[in-house]
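Listed here are the chains, written in short residue letters.
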Amino acid sequence: MNLLARFSKDLVAWVLPRPRFILAVSLLSVIVSLWLAAVRLEVRTEQLELISPRHPLIAKTRILGEFNFHGKTTFALVVRGPTQNRAIEFMNAIVSKIHADPEHFEDVFYRINPDEFKKWLLYYLDKPELVSIRNTLERNSVLVHKMAVNPDLLNFFKLVNQDMASRMVGEFFTGFLDEKVTPEDPGKETKPLDLEFLIKVLDGCSGYLSGTQKYVSPWSSFFKSGAWDLEKEGYLWEGKKKLLIAEVMPSQVLGEVSKTLGSLSLLRSYIHDLKTSGFSDCEAGVTGQEALSNDEMLTAMADMTNATWLSMLGVILVMVLFLRGFRHPLIITLSLAVGLCWTFGWTAVFIGHLNILSIVFAPMLCGLGVDYAIHWFARFEEERDLYDGSRSAVIKRVMDKSGPGIMLAGLSTAFSFLPFILTGFRGLMELGMITGMGILFIVLADFTVLPALSHYLAVEKPLCRRSATQGNNRYLLRLGPRGVRTILAAALILSIAGSVSASRVRFDLNPLRLQPKDSESVYWEKVLVENSDRSIISAGVLTHSSEEAKTESAKFKALRTVSQVDNIFSLLPENQEEKIPVLRSIALLVPELKPSVAHWATERGHSNLDGTVEPSVGSSYKAELIEVLQRIRFKMQDEQAEKWGASKPLVGQMVKVKESIDRIVQSLDNSPTESERLFEYRRRFKKDIIEQWTLIKESSSASPMSILDIPLQLRDQFFEEGKYLIRIYPKESIWEEGALTRFVNDLQSVNPDVLGDPINLYVFASSFKKASINASIYALVAIALLLQFTFRSLRLMLISLIPLVVGTIWTVGIMGAAGFDFNLANSIFMPLVVGAGVEYGVIILNRWREGRTGYGRLAFSTGKGVILAALTTTIGFGTLMISNHRGIFSLGFVAWAGSLCVLVAALFILPAILSFMKEPAPVADKEAVNVEC
Amino acid sequence: MLSVRVWNFLFAFFLIVIGTAAPLRAQSGATDQVRSVLDEAMDIQTKPALQGSEHRKERAAQIRKLISENFLSGEMARESLQGYWEKLSATQRQQYQALFTAIFTDSYSRRVLDFLKRETIQYPGETPEGKYIKVSTIIMRTNEHIPVDYILERKDRKWMIRDVIIDGVGTVETYRNGFGAFLRNNSFDALIQRMAIQKRAGDEV
Chain A
0 MNLLARFSKD LVAWVLPRPR FILAVSLLSV IVSLWLAAVR LEVRTEQLEL
50 ISPRHPLIAK TRILGEFNFH GKTTFALVVR GPTQNRAIEF MNAIVSKIHA
100 DPEHFEDVFY RINPDEFKKW LLYYLDKPEL VSIRNTLERN SVLVHKMAVN
150 PDLLNFFKLV NQDMASRMVG EFFTGFLDEK VTPEDPGKET KPLDLEFLIK
200 VLDGCSGYLS GTQKYVSPWS SFFKSGAWDL EKEGYLWEGK KKLLIAEVMP
250 SQVLGEVSKT LGSLSLLRSY IHDLKTSGFS DCEAGVTGQE ALSNDEMLTA
300 MADMTNATWL SMLGVILVMV LFLRGFRHPL IITLSLAVGL CWTFGWTAVF
350 IGHLNILSIV FAPMLCGLGV DYAIHWFARF EEERDLYDGS RSAVIKRVMD
400 KSGPGIMLAG LSTAFSFLPF ILTGFRGLME LGMITGMGIL FIVLADFTVL
450 PALSHYLAVE KPLCRRSATQ GNNRYLLRLG PRGVRTILAA ALILSIAGSV
500 SASRVRFDLN PLRLQPKDSE SVYWEKVLVE NSDRSIISAG VLTHSSEEAK
550 TESAKFKALR TVSQVDNIFS LLPENQEEKI PVLRSIALLV PELKPSVAHW
600 ATERGHSNLD GTVEPSVGSS YKAELIEVLQ RIRFKMQDEQ AEKWGASKPL
650 VGQMVKVKES IDRIVQSLDN SPTESERLFE YRRRFKKDII EQWTLIKESS
700 SASPMSILDI PLQLRDQFFE EGKYLIRIYP KESIWEEGAL TRFVNDLQSV
750 NPDVLGDPIN LYVFASSFKK ASINASIYAL VAIALLLQFT FRSLRLMLIS
800 LIPLVVGTIW TVGIMGAAGF DFNLANSIFM PLVVGAGVEY GVIILNRWRE
850 GRTGYGRLAF STGKGVILAA LTTTIGFGTL MISNHRGIFS LGFVAWAGSL
900 CVLVAALFIL PAILSFMKEP APVADKEAVN VEC
Chain B
0 MLSVRVWNFL FAFFLIVIGT AAPLRAQSGA TDQVRSVLDE AMDIQTKPAL
50 QGSEHRKERA AQIRKLISEN FLSGEMARES LQGYWEKLSA TQRQQYQALF
100 TAIFTDSYSR RVLDFLKRET IQYPGETPEG KYIKVSTIIM RTNEHIPVDY
150 ILERKDRKWM IRDVIIDGVG TVETYRNGFG AFLRNNSFDA LIQRMAIQKR
200 AGDEV
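Chains A and B are the protein sequences, given in the same order. Following numbering that gives the first Met the number 0, the numbering of the first sequence begins with 0 at its first residue and continues without gaps. Following numbering that gives the first Met the number 0, the numbering of the second sequence begins with 0 at its first residue and continues without gaps.
One should not assume that every hint holds.
Pair ranges (Cβ atoms, derived) [as the list claims (entries may be wrong)]:
id: 1; chain 1: B; residue 1: Thr119; chain 2: A; residue 2: Thr275; range: 53 to 59 Å
id: 2; chain 1: A; residue 1: Lys118; chain 2: B; residue 2: Tyr83; range: 47 to 53 Å
id: 3; chain 1: A; residue 1: Glu675; chain 2: B; residue 2: Lys56; range: 51 to 57 Å
id: 4; chain 1: B; residue 1: His54; chain 2: A; residue 2: Leu587; range: 54 to 60 Å
id: 5; chain 1: B; residue 1: Ser35; chain 2: A; residue 2: Gly651; range: 57 to 63 Å
id: 6; chain 1: A; residue 1: Glu697; chain 2: B; residue 2: Ser35; range: 56 to 62 Å
Just so you know, the hints here were simulated from the structure itself, not pulled from any lab data. No residue lacks a Cβ here, since even glycine has one placed at the ideal position from N, Cα and C.
Looking at chain B on its own, in the form it has when it is part of the complex (with noise of 0.2 Å):
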């Protein structure tokens, strides 16, 4: 019969052998679910029923869905305001945090709905970013390769994007430069009301 300090030792190696597997289990999640968004993204793009400009709206419907539950676009707002964010009231955040949503979002889809096809993709693999996952990819196309990196957060159990970087230039940092830059010249009340604009010409379009 074992002693108890053999059972302990045994509860500890199996808490830590779980512990590492399960960062093990999720970094093949955050691949998956890459490819899950992509695979949909794709569909939408090459349905039959979906095909034609006449379709277009619809298109862009559902690649936004397929945005919006996919991508932290909060947590994407917070960091495209670094170093302002904390001066902002609640309802400058709020209001901040919606438009640049509706601007990433629209901005995002047009960008699929324009470029996107079936595409053959790579995923040549995943590494730890800090707290959070890069998973690249490679969009190969016939005399063009496309490296596409994504940032994922686990959030709720599920892998969420909040960040992607386009052959090494990253949206949020984009965001960041832009609006700081912006902003050095023009109040923040400027950038909500361009921002504004800009969702507004995205809506009618």
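Chain A extracted, bound-state conformation (with noise of 0.2 Å):
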């Protein structure tokens, strides 16, 4: 303690004198400060970077990274629509708008080519349904046949109409031969006719013709199965095919906050617009590790910028309650602002970032740089007010008198965060040194540049003094023996109480629980949990030969925490040698087209092989299609149908046929220029069909697909220079409460080296909370040597704590009340709070110490002091509240409830155990004097 007198004593002699210097170097200071952090700080959101720079998952990582786009960042978009086209039709929309800013964005993988894969399309049906298609073609053996020769329009329909004459004709005739026929029952339909085939071409030959449609090829319903709609193949459908799915990769702007802040801002002002102009039934948005991490810095740093005004008004607003002025509250408001601008310019200097944790520094340092100088002037209007002099004796006297105490009270909080170093974890480290050396810089801002202030600005003389008697006889609190024996009972009943509630509080690990809950990027990720089969966030393991993959695969796959696991093999179709006997029957039911007409499909123009033009619709063509669509529509005897027992959807079906038929044959018979768009229809429709066989023929032909048949970059997602990796997806939401936990624990049982999100994400958080206790126990001891190595005292050292422990009981004891756990936020709680309790402590033993206490008081000016001190760390801390991170919320609850536990701690437990020890005998001052007024 002597040093410290000595060094506080040295220092104010030094500072006095020349006050004009120091407020003069002061300004300069602040300005370096200011522009050292405007062009050098940046923030970082990397995850593991807060644990280690070294930390070997970082390299593993970026091996894993090597397998998504080379090692690209980028951004998972989700699109919802109401059918599965329109949600494609927005996905190319939003596509085309990113490949058209090469500036903000590299690229987009939103769909393989389904050229690629066409070829095997057969095979990736399930044997069911190949069996279904080689039916389907052995029933309509006719219809495929002649169609190969002549894939005309109306040779459909003509084809169709003889198809439904025989039946029609049968059905009138010998459908008594097809059923067991009793008189009782003259028999009903027994084989279903299926018009919904017809049905499609129709409405798609109506749409078209009336300019409302695009071609669109009907033969899904053909053969009853949407693999047929190559239109719609090679998108990255979810599970369910509820959801598509697209990664787009951003470029990366140095010098921003994230370099991806903007392209991802960018996009989701795409996905505006584009619902705004004609896309209003569709729902999309960006999520992914990236947004999420974006979004949950762009939250955080808003929140904070609000929280230090917030804090820094809230404080202001206080302290001119309890000073009773503005004078001092601007003094003190600009003694803090100078210190947090001395520390925004060190952290620019020796540290260069912020990271997610030691982005919370500047309300905190507000909340408790703001008491020493809180402390200073409450000892001042005390001095002022008691005894005669000139503001620089007054300021001389209150620096002899509480300087020291004052000072132990910043090294104490310093000393509880620059510990954080031991820890290792490299964003704790950060925030400890950030948090401590900014307490250092706010102790020597009260000590410089706030006399100095003060020499200027400071109210002097009052118009009426109290007498020293009077004024030393004021105290905040007075206890009787039965108020000490009251107050210990009750803080011991609270303490017993508060550690029943503490045992209930956990700590949940998963930092995806701390994010906001209206950000877009959480919003879709739950989207994502909900509606597919598998979250977009994976595990992942690298083997080295394709047996290993298969046997780790199959390990994996059967843990209960696990929904789905891919591999390289998960791209090739299934049971492909199963397949192939249907496969190859498929193959002989589908005639060879004529050369003719395989030629007609690879010329471009309408060119026959012999080398004349395919003629254009002409009069009669158009004539023969109307005579053969009214002969079908003649068939669709709805009304008979449903006289004779025909089921409601096939009746159904044949009023949709005579609906289309009546709008077809009304687009051809009024308007002329029908014909331009009949003879396109006619060209696509063919050509369709001439697809649609080389396909089903190609495909069925096809020997099985391996691995080099898959499409490039698909593979390079599972299989790179000899690495297969294993994509591991949790069955249960990692967002739950355990449910990482579970997750991580066993993967890890099956491989150790297991990589990827989830772990990374558990890695992080088992580091954070062994590195908080770490950093509470380190803070605790240093402190405890500190106080111990000023007071000479083991048994003050300890009293000086007793805030501190009482007060965290209690605060742990409200959590557990509250339904609070501790969390990868509010676990620096207990740092803060270490700094903050013993503060109090030691100003209130400190003043006891001067001897001229008595039993079981506590002085005014101390208890203000100390009062007003918690207030303001309460606010700075309460402050962090408002924001809509979870995390931070629950950190500005925890340590609010923590300051004013550990307040009521020191200003009632603390004097009532004073009570019972010997006050040491005060010192005389020789300056009171009394003064009556």
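Take the two lone chains, each set in its own frame, and fit them into one complex as the hints suggest.
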């Protein structure tokens, strides 16, 4: 303590004669600090780097990252539409915008080119589906063969009509041969007729002729399989085909808070633009790890800015109320501001960046750092009121009397943060250094700038000064023996209750659960989890052979927390060998196209093999088409069908056929320009059939697909340079409590070298928890040593720690009662409260050591200073509760409750305990003056 | 005075002219016959006194009579069992023909009752079909054109219908295919049984 007293004395002796110089140097240093911060300070969001830049997971994660588009950062774009077609339209529209903006987007992966895998299209179907296709081809063999010879629209309708006529006449006259007829039951329809395919063709034709829709291939309804619509193939659907995904690769822009933030904002603006210009029925959003990090950082930064300003305003307001004026709060604020600016400058030079942990330092310093100036002015007002002398003289007295105590309090608080350096957890180390240095800078400012400003601005002579005796008799607290016992008993009871409640508090290590609920990336990640088979977040394992990949995959798949395991072999069709006989039988059912027909398909124009040009649609073609459609229409006897007991769906289909035919006939009859459209539709129809026949023939004759046949864009995601990647998806949402831990533990039981975002999250959280606990222990030890060194008394050192210990028990008890767990954000509560808790104990103890307090008493100015300091600290932490980031909110709540608990413990318990000790003899004060008002 | 040769020549010429004229007269008769049958059917269907479901049975009876008077059901029956007819006994043939006639008449009259109204019918023309004549008709409705061809044979100075081709699908061919498929997996008696059940069902409705 003597060391601190000497230092304090020497410093004030140097400062007081040269206040202008001090203020000028301060102003200059503030300008330089702010400039340095503006130029050099950036924000880093990499989670693993918070642990250590040399953490082994970082290197392994980079290897894993090579499988994700060669290590490029990506956003996951998720689209949901009322229909699959609509979602595809939206996706195509936004991809166009992305491709048109190479400045912000490097690339986008949204579709595998169907041409690269359509040769094996049939292999991707299930065996029952293949059998169904074969049966359909067998049933319609006449149609299939005749269309192969003449794949014309008119021919198609003629064949359909012919088939219907056969069915109709057959039903009229020989239907009784198919039924188990009894006199009671003359028989019903046994073979249901399905007109879906015909309706598809008619609707497509009708829509095309009227110009309301583009050509749509009808073959999916012919084969009752969605696989035929190649327009829809190759897109990246989630398992249930409700959500369409794309991976967008943003360009990285240096110098911004986040290198990809600009691209993220632009992508979201594109989504908004599309929704307001024709796609109001679709929803889309951006998620994925990069977007989650960006959103978290955005929210945190915005909230921190607001919290800092609110904190400063709140602190100023409290000070104005307590100090009953504006001048002293102004001086305090200016001194605090100088200290903060020095901290920013130092951070910019020696650290260079902020992270998601250290970003909270500014509001914390506002709350913590202002305390010393408050204690200073509380003593200043007491000394000014009691004793005569100039401002400088009063300042000197304050420095002599309270300076060492304030300096010790400041050092204690700094020591509650600086030991973070020992944790080895980089994020905490940086937080500790910045906040610790920040406290020291603020204390320095309070010992230089604050006295210099007070020399000019402090309120000097009040109207009426109290007598020294009267002043010395003002107490905030006066406890008699009964009061002491009551307080100690109450403290004990509350501590026991707090301990019981505190036992409910757990560690929730999932950083995803701290994210703002209304953040877009959080929302869409949850949509993915709820509406698909899996999360966008997966773990990964690298293997060195295909056998190992298959073996490991099987082991992972057997785990109860795993929903899906993908490897290179997942991309291949299943059970290919089993499907070959069915495929070959399909190949036999599909005739070879005539050379002229096959040639037509490969030519871009309308020329035939012999060089003649295909004629456009003439009036005779149109007339023939109308006639055959009308013949088909006649067969749609929906009223009769209903009477004969046909099923309602069939009757409905008949009505639809009639309506479609009426529309087509009306279009063709009314408008001569429809001929051109009819010609075009006819051409597309022909091309479509030829492509379908060719596709079926090729696919049913193809050899099974091998790894080398997989499109490169997909293959690279699972196989590179001899390494096979296995991706493992969690069954439970890793957002939910305990799910992340269960998933990671399960995976590591199979292979401890598992990697990926879930592992990173888990390792980060575990390391952080360990580091926080260590940081608290180191801080406690460091402060204990400091106090022991200062007080040179074990008893006093332990007493000064009482508010901290009791306040902590009460705080954790409140957490248990309010349902808060320790999480990655509020885990740093302990070091924060250590600093605040020790500070109040040191201030009160230091005043008691002056020897003029008395049994069970707390001097008014000291109590007022401590209360004001606690209130400002509370406001400084409490403003964090405006944050939408749930982690920062919980930190604000826990720290706010903690500072109040520590305050109550310091104000009441400490004087009660000190009442059992013999007060030191008071030092004579020669400058005391008895002056009457 | 003309010589005998000239008279012989003229007589032969006269015979030739009469001979070739007869078929010409016969052709126009087939179309007229079809027209007459259709007109009569439409009259029955549209007669005010026979309108409504309460008169359906009366209309049905009249239609059946019209069919039995103008269709060669027996011939149709024989042709429908092509390949099997020769193997049947006289009793079987008789039984089969009777059942076929009843079934066909019933089925055809139902179609007429259910579909035929006062129609606009075009008669594009007739074409010889071997020893028969095919009369083409098109039922012209607003949005529907239904081609129905009739194959007629001249029997006892009257044109009789021996087949109806609805939109390219022949009735006799349909029966032939149906019976043929049935008899590949079932016996003739089973066919007769099925036809009998169908007849009973038709009688009761």
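Hint check:
A C-beta distance of roughly 56 Å is found between B/Thr119 and A/Thr275, which places it inside the suggested range of 53 to 59 Å. A/Lys118 and B/Tyr83 have their C-beta atoms about 50 Å apart, which keeps the hinted 47 to 53 Å range intact. Taking 51 to 57 Å as the suggested C-beta distance range, the pair A/Glu675 and B/Lys56 conforms, at roughly 55 Å. The hinted range of 54 to 60 Å is satisfied by B/His54 and A/Leu587, whose Cβ atoms lie roughly 57 Å apart.
Checked against the given bound of 57 to 63 Å, the beta carbons of B/Ser35 and A/Gly651, roughly 40 Å apart, lie outside it. Between A/Glu697 and B/Ser35, the C-beta spacing of about 59 Å keeps the proposed range 56 to 62 Å intact.
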